[in-house]
Amino acid sequence: MNYTFHWRSAFQALPEMLQGSIVTIQIAVASMVIGIVIAVLLAVAKTSRFRTLSALASIWIETARNTPALLQIYMAYFGLGSFGIHLNSYMALLAGIAFNNAGYLAETFRGGLRAVPDTQTRAARSLGLGPVQAFRLIVLPQMFRIVFYPMTNQMVWAILMTSLGVIVGLNTDLTGVTQELNARTFRTFEYFALAALIYYVIAKLITTSARLAGWRLFRY
Amino acid sequence: MFDTLMSWNDLLFMLKGAGITLAITFWAMLGGTLLGVVFGLIRAVAPWWLNVPLGAVLDVLRSVPLLIQFILGNSLQAILGWQMTPFIIACVVLGLYTASYCTEVVRGGVLAVPATTRRAARSLGLTYRQDLTHIVFPLALRVALPSWIGLTLGVLKDSALVLWIGIVELLRSSQIIITRIQEPLFVLSVAGIIYFAMSFPIARLAARLEKRWHEND
Numbered sequence: 002m003n004y005t006f007h008w009r010s011a012f013q014a015l016p017e018m019l020q021g022s023i024v025t026i027q028i029a030v031a032s033m034v035i036g037i038v039i040a041v042l043l044a045v046a047k048t049s050r051f052r053t054l055s056a057l058a059s060i061w062i063e064t065a066r067n068t069p070a071l072l073q074i075y076m077a078y079f080g081l082g083s084f085g086i087h088l089n090s091y092m093a094l095l096a097g098i099a100f101n102n103a104g105y106l107a108e109t110f111r112g113g114l115r116a117v118p119d120t121q122t123r124a125a126r127s128l129g130l131g132p133v134q135a136f137r138l139i140v141l142p143q144m145f146r147i148v149f150y151p152m153t154n155q156m157v158w159a160i161l162m163t164s165l166g167v168i169v170g171l172n173t174d175l176t177g178v179t180q181e182l183n184a185r186t187f188r189t190f191e192y193f194a195l196a197a198l199i200y201y202v203i204a205k206l207i208t209t210s211a212r213l214a215g216w217r218l219f220r221y
Numbered sequence: 006m007f008d009t010l011m012s013w014n015d016l017l018f019m020l021k022g023a024g025i026t027l028a029i030t031f032w033a034m035l036g037g038t039l040l041g042v043v044f045g046l047i048r049a050v051a052p053w054w055l056n057v058p059l060g061a062v063l064d065v066l067r068s069v070p071l072l073i074q075f076i077l078g079n080s081l082q083a084i085l086g087w088q089m090t091p092f093i094i095a096c097v098v099l100g101l102y103t104a105s106y107c108t109e110v111v112r113g114g115v116l117a118v119p120a121t122t123r124r125a126a127r128s129l130g131l132t133y134r135q136d137l138t139h140i141v142f143p144l145a146l147r148v149a150l151p152s153w154i155g156l157t158l159g160v161l162k163d164s165a166l167v168l169w170i171g172i173v174e175l176l177r178s179s180q181i182i183i184t185r186i187q188e189p190l191f192v193l194s195v196a197g198i199i200y201f202a203m204s205f206p207i208a209r210l211a212a213r214l215e216k217r218w219h220e221n222d
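In the order they appear, the protein sequences are chains A and B. For the first sequence, our numbering assigns the number 2 to the initial residue and increments by one for each residue that follows. For the second sequence, our numbering assigns the number 6 to the initial residue and increments by one for each residue that follows.
A portion of the hints provided could be inaccurate.
[Stated by the list, open to error] What follows is a list of derived Cβ distance ranges for each label pair:
| hint | chain 1 | residue 1 | chain 2 | residue 2 | range |
| --- | --- | --- | --- | --- | --- |
| 1 | B | THR184 | A | ARG212 | 41 to 47 Å |
| 2 | B | ALA117 | A | ALA116 | 17 to 23 Å |
| 3 | A | THR120 | B | THR121 | 33 to 39 Å |
| 4 | B | ALA83 | A | HIS87 | 35 to 41 Å |
| 5 | B | LEU190 | A | GLN121 | 51 to 57 Å |
| 6 | B | LEU35 | A | HIS7 | 34 to 40 Å |
[Unchecked claim] Now the stretches of chain B that chain A is said to cover, found in silico as 3 or more residues with beta-carbon under 8 Å:
| hint | stretch |
| --- | --- |
| 7 | 64-73 |
| 8 | 178-189 |
| 9 | 201-209 |
[Claimed, not checked] Over the 12 Å line for every Cβ pair with chain B, so calculated as not near, a few chain A residues:
| hint | residue |
| --- | --- |
| 10 | GLN20 |
| 11 | THR53 |
| 12 | VAL117 |
| 13 | VAL140 |
| 14 | ARG146 |
| 15 | ARG188 |
Because the hints were derived from the structure by calculation, they are not lab data. Where is the CB? At the ideal position from N, CA and C, for every residue including glycine.
The following block holds chain A by itself, in its conformation from the complex (with noise of 0.2 Å):
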């Protein structure tokens, strides 16, 4: 082996890397908040009576569900460009993500909305709430209940996928900056290995945080 390792100038750039962490959780945050509104909106839209829709919502789901994340991320980022959407690779990334992101938590929640029985809609029918506000305030929050652990593994996977941000040239996030550096340096190993160890601190953070935030939220 013919290599020194440096580790000095790594950790001299931390203070940047974990300003980039920032901007890496603020899209997966972004992502994840679009994410679970399409979502909602898409699996009800699969159970719909009306045909249109629901192909429609199809064709959303198996896409996202069917294609790499980073096939997303390109047609956000170049493709759109054809209809006259230009958008910086921030927007791009942002954009490919939430509809990945859609596409996965709908096939969740339309999981979700099976498991709470009928007749708890019927229930709140028959006491009087609208359509409208049965849904949202009988089903919902116990849909939101059964689905809570899968919504956090797909918080995960957010955070990791903002890494492919990368490949369209962002360049602020917690990869993009690493890459830069190593641009600068040439220290790839280095640079690279606390860029993981910083997503696996932020991956366990969240699902650490989840966890406690569930058990608070969730008890009976």
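Following the hints, complete the assembly by docking chain B onto the known chain A.
Chain B alone, transformed into the frame defined by chain A:
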């Protein structure tokens, strides 16, 4: 609107890329499954002092972005001076990544076999190994196969990331064509359709298997 500069040769180029994608998926799944079965069995039956560290190591592979794993694998082999081709690195890294998921699939399958069933098998005079091969394996397979197929689909899609270490697979080949003919939407749609055509039949198969195997439950 529907005329394109993309030629049949370009399509052939993309299909060749799809072949590389499939090859990487195949080798990663082969290695990952073999390792995953071994690790999964260990995780299902081993005492805690072996189980916990193994689980922690495999958990790292699932909590670090795959792209960074490829970069680390690539630079590590350069540091060690192993002269491996990017293709081999891609297969090894993706295989380890697969193994970490496959371990959980196998472990879940083995643990889903009720302890009473295994005890019944042992009390009927089967040895430990007979119990594993004739009782645990068939029952665990039913639980694990649908998720294993799901894992295959995941690996097929994740293999797109190997473009970063310089392998021309399906997505990279479409990017090369885009650079030449400047029709990103069309070319990416074709790439998407090829990915879809590769993974959708497998997804259907998994759904059907799951339905058929659980109709008596």
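Cross-check of the supplied hints:
1. B:THR184 x A:ARG212: 41 to 47 Å: holds, 46 Å
2. B:ALA117 x A:ALA116: 17 to 23 Å: With Cβ atoms ~20 Å apart, the hint holds.
3. A:THR120 x B:THR121: 33 to 39 Å: Holds: the Cβ-Cβ distance is about 34 Å, inside 33 to 39 Å.
4. B:ALA83 x A:HIS87: 35 to 41 Å: holds, 37 Å
5. B:LEU190 x A:GLN121: 51 to 57 Å: This hint is violated: roughly 44 Å between Cβ atoms.
6. B:LEU35 x A:HIS7: 34 to 40 Å: holds, 37 Å
7. 64-73: holds (count 7)
8. 178-189: holds (count 4)
9. 201-209: holds (count 4)
10. GLN20: holds, 18 Å
11. THR53: Fine: 21 Å to the nearest Cβ keeps A:THR53 off the interface.
12. VAL117: Check passes; 21 Å lies beyond 12 Å.
13. VAL140: holds, 25 Å
14. ARG146: holds, 23 Å
15. ARG188: violated, 9 Å
In summary, the structure is inconsistent with hints 5 and 15 from the numbered list given earlier, while agreeing with the others.
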